[in-house]
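Can you make the complete structure from the sequences, with help from the hints?
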Amino acid sequence: MIDHILTLLIFFPALAAMLGFVVTKDSIRAYGIAVAGIEFLLSLWLWYAYDPMVSGMQFMEAAPLIPAFGINYLLGVDGISLFIIILSTFFTLIGIASLTEKRRIKDLIITLLFLEMTMVGVFAALDAIVFYVFWEFSLVPMLYIIGAWGGPLRIYASVKFFLYTFTGSLVMLVGMLFMAYFYYQATGQWSFAILEWYRLILPENFQLWLFVAFFLGFAIKVPMFPFHTWLPYAHGQAPTIGSVILAAILLKMGTYAFVRFSLPLFPDASVFFMIPIAVIAIIMIIYTAMVAYAQEDIKQVVAYSSISHMGVIILGTFALNVEGVSGSVFLMLAHGVVSGALFLLVGVIYDRRHTKLMSEFGGLASVMPRYATIFGIMMMASVGLPLTINFVGEFLSLLGFYKQSHMLTLTAGTAIIVGAIYMLSAYKKAFFGNVTNEENKKLKDINKTELVGLIPLTIVAIWLGVYPKPILEPINNSVESVIQLMHDKAQSAEAKVRIPDLSGKNGTNTMQEAY
Amino acid sequence: MELYLYIALFAPLVGSLYSSLFARSPKSQQVGIIASGLLFTSFVSSTILLTYVMGGHTVHTEMMTWIATGDLYIPFGFVVDQVSVVMMMVVTIVSTVVHVYSIGYMDHDKGFNRFFAWLSAFVFSMMVLVMSDNFAGLFIGWEGVGLCSWGLIGFWYHKESATWAANEAFIMNRIADLGMLIGIFLVYWNVGSLQYDVVFSEIGNLQPVIITWIGIFLFIGAMGKSAQFPLHTWLADAMEGPTPVSALIHAATMVTAGVYLVVRANPIYDLIPNVGIFIASLGAFVALFAASMALVNRDMKRIIAYSTLSQLGYMFVAAGLGAYWVALFHLMAHAFFKALLFLGAGNVMHAMHDELDPFKMGGLRKVMKGTFVMMTLASVALAGIYPFAGFFSKDLILEVGFVEHHYVIYTVLLLTAGLTAFYSFRLVALIFHGEERYKLFGIHPHEAYKFMLVAMSPLLVLAIIAGSFKMTYFQLVMNLLPATQYHVHDHTTFWIMTIGTQLFVIAAILFAYKKYSNWSSVPDGSSAMEKSFFYKLLWNQYYIPKMYEEIFAKPYAELSRIAWKQIDLKIVDATVDAIANGIYKTGENTRDIQNGNLSTMLRWMVVGLVVLSILAVAFTVGYNVVGA
Amino acid sequence: MAITLTHYLVLASVLFVIGLIGVMRRKNLLMLFFATEILLNATNIAFAAISHYIGDLSGQMFAFFIIAIAASEVAIGLGLLIVWYKRTGKIDLDQMNSMRG
Amino acid sequence: MLEPIHVALGSLNIATLAPMLIAVVGALSILIIDLAKGGLHKSLYVMIALLFLLLDLGALVDFGGLFLKNGTILGFFDVMLMDGIAIMSQIIIVAGSMLFIPLALTSKRFHEYDYPEYFALFLFMIAGFQFMVATDNLIMIFIGLETASLALYTLIALHNRSKSFEAAVKYFTMGALAAGFYAFGSMILYAISGSVEMNQIATILAEDHYSNIGYVLLSMAFMIAAFGFKLSMVPFHTWTPDVYEGSSAALAGYMSIVPKIAAFVVAMRLFEFLVHSGVAWLQVILYIGVVVTMTASNIWALVQSDVKRMLAYSSISHAGFVMAAVLIGTTQSNTGLFLYWALFSFTNLGAFTMIWVNRQKNLLPGQSSDHPYEKFSGMVKTMPMGAVMMGLFMLSLAGIPPFGLFWGKMYMIGSAVTSGYTVLALIMALNSAIAGYYYLKLIVFMFMKEPMVGYNQFYFMNASLSLKTIIGIAAVGTIFAVFAVNPLLKVITLFVYNSGY
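Residue numbers (the numbering used here), protein chains in the order written: chain B, 1 to 515; chain A, 1 to 628; chain W, 1 to 101; chain D, 1 to 501.
Hints in this document: simulated from the structure, not taken from any laboratory. Ideal Cβ placement from N, Cα and C applies to all residues, glycine included. Hints may be right or wrong, so weigh each one.
Stated by the list, open to error - DSBU-like, lysine-lysine: derived pairs with alpha carbons at most 35 Å apart:
1. D:K381 with B:K444
2. D:K449 with A:K565
3. D:K381 with B:K106
4. A:K470 with A:K159
5. D:K42 with W:K90
6. B:K444 with B:K429
7. W:K27 with W:K86
8. D:K449 with B:K106
9. A:K27 with A:K450
10. A:K570 with B:K428
11. D:K490 with D:K381
12. A:K439 with A:K514
As the list claims (entries may be wrong) - Label-pair distances were calculated between CB atoms; the ranges are:
13. A:R24 with B:P152: 33 to 43 Å
14. A:Y548 with B:T355: 26 to 36 Å
15. D:F77 with W:L5: 25 to 35 Å
16. A:R24 with B:F11: 38 to 48 Å
Laid out in structure tokens, this is it:
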């Protein structure tokens, strides 16, 4: 069973979702929790069985799918994907457990389980087309969640979300086909296997074009400036559960894909585009932080803050050294936990008041002290306070990029300032001051259902901030082999310099051993 | 000894966590007592460690790995050496006192339990800050104290001004923290480690330019935390917090973290004397600058806050000039008397129902004897009168300036010493002497609880006698810090300087007394002095907060609004929508091609054929021409 | 003047163009059918002529088939026309636009 | 005088006619049965038609085996040409017809299915298409084309609505014009080469080094116009939406699949030798045609308010997409064409069946067409399974993996990429994105809006067990397409490659 655990992880929720059609409405929630719980335990088992000392792919599975065109069902996890998978199962569980939605809950839970399938699939896929299949299919459940349970502008928001990402990924698909064609030219065989592609050393000008093609797909998903405008709408209209999953997992697909595809496939292009992308990342960081500051709706603040944080992740990814990339992978997890929790928190207040405007609130700290506390912790995590989960990632990402550019890192570092500005001012508007609105005086503090989701997140946010090692170590090992691979493949002199050579280091696997 | 280290470190954390369990319950005395007790434990452990360290040992321990990736290895490592143990003593003493004091001070506050949670958490952060054996750990504490400072300044969160001040403090500190972070990055990429011992032993191998940058960026971090110009405005606003907080955080401990950083990083700053001179100059400037603002202020706590700022300037002068041990010594002495001063001010506030304007007080010495004595003595110490603590530490800094031939700095500091004495006793005179102006406002002042006064007494004792530890202290820290003695070798000069300074200070005190001890009315802004340009300048803090508001805060808000409404919605998003709408509109506009009329349809077919034929002919002609 | 293949082809082309113009201009469904017949017959002439001039039978075969198909077309077309006329009482093309866009 | 012709019966290889003859015999037998005893239920005719189509399919599969063993089979004065693509396309034609003919088994009575002639015509039409693809003789193509078309006009008109007559008349008239184009184009080819067989024409032209390039191009202009009409390439597409709207959904779905594959095969035969001989003009024209067809029809589909009309434009777009294969002209692209069409037929079968199931007798007040989007509003609440199915087909049409059409799209774009048509590949990809909008629109209506009063009664009005079965088959085919792609690819590649394309 352990040999096929990834297949199990991917298709168990989908199967369960199908069976879920039979379950009656009043017990579907319990069913959903049970399924998501089992799935989560399975993913923990995966972690348990994972050997953190091995940097390459583990639990690999292979089955022919369309061998005539080089498409095979290839799965595997390494330190980079392992934890995002666990994060996906974790958030699905938490999302379902703390679900407060009343309308058509059966459809919602079934949709969520399908979504879980696609999320796990994306991160476990080792074949570009299989990856693409899950990547695209994940749009569908999300579309439905936003469109059916969302706010007044839900249709606009969901369609925008769908079409925007869909367009980007189609360009990416062309890139993938190109990549396969190059592989075909080089070896005489079709293959979409990512690990096979890793072996390919492409001429630099091809790398540039392919990088751009892949970039478009990823950048829209992340979303990077200026392709980000779908996100505020999606978040603004999505129901709580939708925002949580979207922010915590779906956005990570883009950044994950950068690490999985762009870096190892196109090392020279990565170096070539490093500075432009860093500039975009910095724009994301500062500009969206400013936009977040101007928001009137607290959910939009969190939404824009997501973009801002994704900027740091991108920056870390394009640091192209172990510190930066490990940091960005870690920050993906961190941001998942923190932004997911923040969206859950916003959902709490939305459920009570059906508004998210900060001007409607004020003084919540005295009416809902427990809520204010958890919100405060998560806000401080989001701001990147040391000993919270975000800090580790942000610190490493910035540290990594500092190696590449002092000035840009200095500029990007303003993240810690602007981030504090919008977060603290939002917190102040909503929680501090006197209770001015009569309706707020009777608000009930956070209840048990809501705590079920928030307490574990709070614990994780602090636990991993204090002791990130169990996660950082496997990430580090896998990232090291990616970086070494990039160094070995790099052709231009600049790339050779920019990407560190780790081969001298003890315990670092060479390319052949790792893959 | 590691056990004591951990006790000293974690006892406050335990206290904080314990208190936070009760954060939402109604006030419960035991919370305060237990938290104070735990802090006392921490103090005792620190003392044990002190004796151990005085025996010539140090304790260095690594609790566990924190971050390890690539070449980066950051453990939770702690070191108790000659410098950190001094800081530990200061922190634990002052915080124990403040904790006990707070039991009384926060007596009637709804957030009593919450207060202790925050306060103990602060102490824990501060302990991490001083005990860490690497820059990253320092940064943990650095941010941790920032967080607690935020929570405590904004403790009365329903007050707009308090929460505003809390955010201001946090954000200002963040600006500086960025500098610190960059400094840490520089250290890592050039040394490959963040451990103090590694960094300090290898720093000499680096290029001077890089060392300079490291020094500058680390100092930027220090500037924020220690509220040096131009990041000073938050400190005065931070007085919105409860007074014990001001005593502990914004006088004795947190704000001195910057000084501690420079002292700790002395091997770096030793190599870059130019930066040192800059630090010293800035320190001298801030000393004078802050003191000048204190001259006219009418808010008791703010006056003390400016005085703190001014004293921090002194410390930076010493540190910048390489007299690290002197800086640390003044830090310690200052912690005692300044905390005392603040706690005394807290008593006054309690008595006056949170009235802060000393002009509305007067004659309080009759009802508040204990407080009066303590505050007067603390002010004396602050003014640097022999044989109080201030004399030994502050005058030493003047000497340092003199000995190092920085006469401008020396002059500035001397002048500031006079100003310090003046505004301190202006305050004392206005509060405790003269007519009982508070009666106009119908206030019935009363002395604070006995145990609060008792709790303050250790500080009083220390404020008086701390100077006598000078040689013991010097013996202790010279293991770690450059052991330069600063003596004016010419005896005549030495005596002239010392006595001259004393006389100057005493004159300032007397002047203050003369001017303010018989004050009878509450100024209403009509006097000639109040209308003068300088008064207004000082009164408005050189218009700096206003300038920040106009130059940074408002434009930032405005820019943010523009970024959202104009750029994000009207340009970026509108472009995307325009593309989509453009495609849709094209469809709308061209759908009449299919107008359902068969004739039109047939014509389209013929048109298509004709176009194709024409193209065929054209191509053929072109083909033949080219072919021929 | 001998009549060459070119003459036939020119005739065929002219007829074809006439047919095309008819197709474009006529609003009467019946006239439209006539126009399409002209089109096909123009082709027939050309096929027959070419077939004759190059001595190959397949052109004539093609012509025969075209005739046959044209006949079937007329049959179907008239059938449709009659039904349409029965339903609407008109055979004007401009009336025929219930579907558009 | 012409030589008398001597023919040996054996050399005729009459067997090559067998598949078409089976269909013709089927049609005739339906007519005879009706003569013998009238008033029989339509289900009998459906089954008879299915039986004959099954026989037809069997014969084709048999030919397939033969082809793989012996290569291309010629017969009947070398008029019949049973090569790989002929067999393959016939299989798609027959199989597609078999899937569509049971749509006659609705629960409501429909006028046209009461006529046995309907089924006879249906089989004649199939025979016509089969003739069309199984030859490279221009005469034969013409005959096949017209047989099929004339039958189709009638079938449309049999729907017996005023709109269906209008549609039939429009289609007929334009078809007649297109026939004229085709005849004239063939005439020019005949004039310059003296032959009506494409491979001979190709040989003669090549030997001649295209000295008459002007006439060749002129004839191609006519041919493009003629087949542009059949394939509904812009600007010859104008009949498509009207005809789709006018005819019954079942027939519209059928028209989106079967006639087009026949036309594609002919277009492949006709244009590819020119494309391969490097006639840049044709490449350019086809390029423009493909891009304009894809894009324009997509844009028009966006603004439709009727689902069936939207699907009509969408199938124009799909046709344009696939036409790219003819332009690219490699084995891979031609394989892609068949793969795409096989997958497309399943999905479109499902989509049009769903529309068919929604058929209503009379329009509601204010309803402008048979299938406005509003009709599907909130379907998920009243008919969850139906909505999920329809959503599935829409997603597949939009090219969302892992559903059927994605694999076709991927392979087509892949073939464009492989042949260096990068820009084309990008345009194809972006068009898929535009197309996403209108498919999504239906999903939005079904899943995200509240049901509209009055419309919701129609959701499954027309459903019968056989229709549901067909939807089920289409759904299974769409969902599990991924497992069929590999075998399909292998077989198609084999057939296409061995036919020399």
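CB-CB spacing for B:F11 and A:R24 relative to the 38 to 48 Å hint: holds, 45 Å
35 Å limit on alpha-carbon distance, applied to hinted pair D:K381 and B:K444: holds, 33 Å
Restraint status (C-alpha distance of A:K570 to B:K428 at most 35 Å): Holds, at roughly 28 Å.
Holds or violated: W:K27 to W:K86, with C-alpha atoms at most 35 Å apart: holds, 18 Å
35 Å limit on alpha-carbon distance, applied to hinted pair D:K381 and B:K106: OK: D:K381 and B:K106 at ~12 Å, within 35 Å.
35 Å Cα cutoff - pair D:K42, W:K90: Distance ~34 Å between D:K42 and W:K90 Cα, so the pair holds.
Pairwise hint evaluation, A:K159 against A:K470, where the allowed Cα distance is 35 Å at most: Not satisfied, since the Cα-Cα distance of roughly 43 Å exceeds 35 Å.
Beta-carbon spacing of A:R24 to B:P152 - inside the hinted bounds 33 to 43 Å or not: holds, 36 Å
Restraint status (C-alpha distance of D:K449 to B:K106 at most 35 Å): Distance ~17 Å between D:K449 and B:K106 Cα, so the pair holds.
35 Å Cα cutoff - pair D:K449, A:K565: holds, 30 Å
W:L5 and D:F77 - C-beta distance against the hinted 25 to 35 Å: holds, 26 Å
Given pair status - B:K429, B:K444, alpha carbons within 35 Å: holds, 19 Å
Consistency with the previously given hints fails for numbers 4, 11, ordered from lowest to highest.
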